[in-house]
Amino acid sequence: MALTKPIKSLWEIPREERFVGGHAACQGCGAALILRHLMKVVGKDAIVVNATGCMEVISTLFPRTAWRNPWLHLAFENAGAAASGVEAALKALQRKGVLDKNRYIKVVAIAGDGGTFDIGLQSLSGMLERGHDVMYVVYDNEAYMNTGIQRSGATPYGAWTTTTPVGKKFRGEWRPKKDIVGIAYAHRIPYIATANPAYPIDMINKFIKAYNTRGPSLVHVLAPCTPGWRIPESKSIEVAKLAVQTGMWVLLEIENGKPKVTVKVRKRRPVREYLKMQGRFRHLKDEDIKKIQEMVDKYVEEINRWVGEEAIGPVEEK
Amino acid sequence: MSTNQEKGFPERFLGKKYPETMEDLPIAAIVPWPGSTLDVTTHAWRTFRPVINQDKCVRCRLCWIYCPDGAILEVDEEYTTSTGKKYKVSFKVDYDHCKGCGICANECPVKAIEMVPEMK
Chain A
4 MALTKPIKSL WEIPREERFV GGHAACQGCG AALILRHLMK VVGKDAIVVN ATGCMEVIST
64 LFPRTAWRNP WLHLAFENAG AAASGVEAAL KALQRKGVLD KNRYIKVVAI AGDGGTFDIG
124 LQSLSGMLER GHDVMYVVYD NEAYMNTGIQ RSGATPYGAW TTTTPVGKKF RGEWRPKKDI
184 VGIAYAHRIP YIATANPAYP IDMINKFIKA YNTRGPSLVH VLAPCTPGWR IPESKSIEVA
244 KLAVQTGMWV LLEIENGKPK VTVKVRKRRP VREYLKMQGR FRHLKDEDIK KIQEMVDKYV
304 EEINRWVGEE AIGPVEEK
Chain B
123 MSTNQEKGFP ERFLGKKYPE TMEDLPIAAI VPWPGSTLDV TTHAWRTFRP VINQDKCVRC
183 RLCWIYCPDG AILEVDEEYT TSTGKKYKVS FKVDYDHCKG CGICANECPV KAIEMVPEMK
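If you're matching them up, the sequences are chains A and B in order.
If you count by my numbering, then the first sequence holds residues 4 to 321, one letter each, in order.
If you count by my numbering, then the second sequence holds residues 123 to 242, one letter each, in order.
FYI, nobody ran anything at the bench for these hints, they're computed from the structure.
Possibly wrong hints are sitting among the right ones.
As the list claims (entries may be wrong) - Lysine-lysine pairs mimicking DSS-like chemistry, simulated, CA-CA at most 27 Å apart:
(1) 214/B to 43/A
(2) 11/A to 208/B
(3) 301/A to 261/A
(4) 178/B to 11/A
(5) 208/B to 244/A
(6) 233/B to 11/A
(7) 139/B to 43/A
(8) 138/B to 47/A
(9) 210/B to 8/A
Claimed, not checked - Calculated Cβ distances over 12 Å to all of chain A for the following chain B residues:
(10) 147
(11) 176
(12) 195
(13) 202
(14) 204
Since the structure is predicted, the reported quantities are computational estimates derived from the model, not experimental observations.
All C-beta atoms in this analysis are idealised placements derived from N, C-alpha and C, irrespective of residue type, glycine included.
Using the sequences and the hints, build the whole thing.
Right under this line is the structure:
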């Protein structure tokens, strides 16, 4: 049974596992945790459409599968297109009376940041534009982690990856992160949200809302990656929590064009704390950190102006 | 898979759950066993093993929430602590699928989970 009402406590999360253990995700994988909760929310009446990426590779080592739902493997670029096709086929089968008309079956598309920000962007745009009833979940580990930490459109400024190495001329990634929420917002879709696995109730409520939206919805979730971010296995949730507390990651929700910050941060912590925890930012000097702090300040200011209140407060040094 | 076989599905189409040769594999790489990675154990990945102290545990459910592998099991088992507090549920570790990442021990608010080296 899919959840329909927002939850208020952790005890309302169903016990049933639909994305089971034994998969080959790294120790402390944030994306596997996201999928575990996503599948608890959507329940059995859902078809999962999964673009290539970490979660596709780790969950289905032939001839085994970690999924308890119908699951479709896809190439990198066509998660949006295939999800549209599955949704259209379901509609046609219901019209012809092959499937029960009263049974609501959701199509859930799952893709990583590479399959959404870079390679799958055009099929995602098409899907959002045509208004298919698909819930699209992006788990964002901020690089192509599956193939060995190559940069993607989601890699933040200053991060080390194997294709943005640290040398004399360039010190890590020199381009800012692409704003996928802004791109989705430009399509005027009914529901967009950003979520974080360190805030499980907030994340699950966003999944529930996206599930109950009739029309395209996009949930952008930060997925801490222990080998790619160069963090200890046990710290992935701690880092994800810091991303919200420093203002690097703002928990937004845009319902029918109205933006709202769901988790308000009264006093922001300096980004230094978030950056210092991760080995991919190890090379940053004080002036680089200052520049990132300025970028975050500007981003937070933009968000505050957009939602029309001071949802994310000023930085407070400890 | 017995229901599909009763309807006359050829066995060749579905393959065997524990294939030995190429011919045992299902056609078109369809995997007809939902949740079958549970057969695979990942216990050999870990160097540290989480051990839950049932007396210290306050049943906040956070370890269960944050486990990426679903390796913390929530069971309906009553437990009375040494101070006489009664709980209806207990949390146990599925040592077959725990990879030993230590998120549970790191996130536990009362530090009831200890990471013990596997060699001991």
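Exercise. Regarding the pair residue 208/B and residue 244/A, is the alpha-carbon distance no greater than 27 Å?
Worked result: violated, 32 Å
Exercise. Is the straight-line distance between the alpha-carbon of residue 210/B and that of residue 8/A 27 Å or less?
Worked result: It holds: about 25 Å lies between the C-alpha atoms, which stays within 27 Å.
Problem set entry | residue 202/B remote from chain A - nearest C-beta pair above 12 Å | holds, 20 Å
For this session: Could you grab the alpha-carbon distance between residue 214/B and residue 43/A and see if it respects the 27 Å cut-off?
Result: holds, 20 Å
Exercise. Does residue 11/A lie within 27 Å of residue 233/B when you go C-alpha to C-alpha?
Worked result: holds, 25 Å
For this session: Measure nothing beyond the straight line between the CA atoms of residue 11/A and residue 208/B; if it is 27 Å or shorter, mark the hint as holding.
Result: holds, 24 Å
For this session: Sort out whether residue 261/A lies within 27 Å of residue 301/A, counting only the CA atoms.
Result: holds, 21 Å
Exercise. Is the nearest CB of chain A more than 12 Å from the CB of residue 176/B?
Worked result: holds, 19 Å
Problem set entry | Hint consistency between residue 138/B and residue 47/A [alpha-carbon to alpha-carbon, up to 27 Å] | Since the Cα atoms of residue 138/B and residue 47/A sit roughly 25 Å apart, the hinted pair holds (cutoff 27 Å).
For this session: Would you assess whether residue 204/B, listed as outside the interface, keeps its beta-carbon beyond 12 Å of every beta-carbon in chain A?
Result: The assertion about residue 204/B holds, with a minimum of 25 Å to chain A.
Exercise. Is the Cβ of residue 195/B farther than 12 Å from every Cβ of chain A?
Worked result: violated, 9 Å
Problem set entry | Distal placement of residue 147/B relative to chain A, Cβ over 12 Å | violated, 6 Å
Violated hints, listed in ascending order, are 5, 10, 12; each of the other numbered hints is respected by the structure.
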